[in-house]
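Engineer: Chains as they are written, first to last, in our numbering: chain A, 8 to 254; chain B, 475 to 583.
Worth flagging that the hints you see were computed from the coordinates, not collected in a lab.
A few of these clues could be false.
What the hints assert, rightly or not - Cβ pair distances, simulated, as ranges: (1) A:A194 to B:L515: 51 to 59 Å; (2) A:R118 to B:W550: 23 to 31 Å; (3) A:L241 to B:V495: 24 to 32 Å; (4) B:A485 to A:A138: 33 to 41 Å; (5) A:R189 to B:R484: 28 to 36 Å; (6) B:V496 to A:T242: 30 to 38 Å; (7) A:L241 to B:V498: 25 to 33 Å; (8) A:R189 to B:W482: 33 to 41 Å; (9) A:T125 to B:A491: 37 to 45 Å; (10) B:R484 to A:G188: 27 to 35 Å; (11) A:G191 to B:V496: 44 to 52 Å.
Even for Gly, the Cβ is constructed at its ideal location relative to N, Cα and C.
Next come the chains, spelled out residue by residue.
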Amino acid sequence: MTSELKVSLWRGGASGHYQVFAVPLRENQTVLDVVTYVQRHLDPTLAYRFACRVGVCGSCAMTVNGRPRWTCRSRVSKVVEDGSLEIGPLENLPVIKDLATDMTVFFEKWRDAKGVFTPTRTRHDDIEAIAPGSPARLAADAAIECINCGVCYAACDTVRWNENYLGPAALNRAWTLVNDGRDGANAARLEAVASGGGCHACHSHQSCTEHCPQALNPTASIAGLKRRTVRAWLTGEIKSRKAGRAG
Amino acid sequence: MNVSLYVWQRATAVAMAPMIVVHVAVIFYATRHGITAADILARTRGSVGWGAFYAAFVLAVSIHAGIGIRTILDEWSPLDDRHAGIAAAVFGLALFGLGMRAIAAVVMP
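Full structure from sequences and hints, please.
Structural biologist: Here's what the structure looks like:
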């Protein structure tokens, strides 16, 4: 291996070009380390986003050699191809500048899938006892560790083809709340995810599951929502709606 | 695709699965036994059973394919949701009309 990496970074907005930099190769270097090196030593105008650097905040996802990844925990040695890295912004999201995307629509869809916890008790009530081993809690726990990095959203073919599709992260979040016994907004939530652009638009390609850095399985969550919403529709608990997106 | 379209598409798929088996089995039976077109028409003309079977089959196909075409148009064509729905409904109705015409040709006495 040579002592330098050839790094191509996306520059510009929706239209732009890749700019090549030479970055010293270091042991245990992450992709985020490479981007940070370029910004601090080679070109301070490079725009990118990160915060925690340890795989918790979900800020630093980018497209690395064609695959969406969390860059802070992607080691260069694992993803480098022929001594080169091509790093671009996440797919399926508008580019603000260089490697930073506008995630507004991603979080709007989270809202539209009713991804906000709606409590049924107040601070004056006792805490509701939830059995950790109950099937519903186990289903919620299996999907709960999403960090909203947008990797699944960038990897999803259905998001690419259908701008109204809520996407794997928002639907995965909805599934955790559907299984949360303390939440009181399930009728509205099931109706939202059962509408056009909701869970039934998923083709089960499983790209979300393949790429999720947290090893979650949003496809399974979406399949759970499909079953749950079909039951709710057949029993008259919800009505079907055409559009899923608010506004 | 919303939940009602999803249920209709899955339900018609479930209905079609055994029908396809019967349809293919009949084709194999007819070809293996050297049954001529005239023999087939002699059996199907005036048959309420075959008429009902294929009418149900055509109905299921028209609904199932119409919903599938709607999704394809939604994702792959510049049509908006409403116009994709209209185009898919026209496609489904055309499929139903052609299918029923074919059934009438072999079932009507």
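Engineer: Confirm or reject the claim that L241 of chain A and V498 of chain B have a C-beta distance inside 25 to 33 Å.
Structural biologist: Because 31 Å falls inside the window, the suggested range holds.
Engineer: Is the gap between the beta carbons of A485 of chain B and A138 of chain A within 33 to 41 Å?
Structural biologist: Given a distance of about 35 Å, which is inside 33 to 41 Å, the answer is holds.
Engineer: Do the Cβ positions of T125 of chain A and A491 of chain B conform to the proposed distance bound of 37 to 45 Å?
Structural biologist: holds, 41 Å
Engineer: Per the hint of 28 to 36 Å, is the separation of the Cβ atoms of R189 of chain A and R484 of chain B within bounds?
Structural biologist: Holds - the Cβ-Cβ distance for R189 of chain A and R484 of chain B, about 32 Å, lies within 28 to 36 Å.
Engineer: If I claimed the Cβ atoms of A194 of chain A and L515 of chain B lie 51 to 59 Å apart, would that claim hold in this structure?
Structural biologist: holds, 55 Å
Engineer: Falls inside 44 to 52 Å, the C-beta gap from G191 of chain A to V496 of chain B?
Structural biologist: holds, 49 Å
Engineer: Does the Cβ pair R484 of chain B, G188 of chain A satisfy 27 to 35 Å?
Structural biologist: Holds - the Cβ-Cβ distance for R484 of chain B and G188 of chain A, about 29 Å, lies within 27 to 35 Å.
Engineer: Tell me if the beta carbons of L241 of chain A and V495 of chain B are separated by a distance inside 24 to 32 Å.
Structural biologist: Taking Cβ atoms as reference, L241 of chain A and V495 of chain B lie about 26 Å apart, which means the hint holds.
Engineer: Check the following: the C-beta atoms of R189 of chain A and W482 of chain B are separated by a distance inside 33 to 41 Å.
Structural biologist: The hinted range 33 to 41 Å holds for R189 of chain A and W482 of chain B, with Cβ atoms some 34 Å apart.
Engineer: Between the beta carbons of V496 of chain B and T242 of chain A, is the distance compatible with 30 to 38 Å?
Structural biologist: holds, 32 Å
Engineer: In this structure, is the beta-carbon distance linking R118 of chain A and W550 of chain B contained in 23 to 31 Å?
Structural biologist: Between R118 of chain A and W550 of chain B, where Cβ atoms are some 28 Å apart, the hint holds.
Violation of the numbered hints given earlier is absent; every hint is satisfied by the structure.
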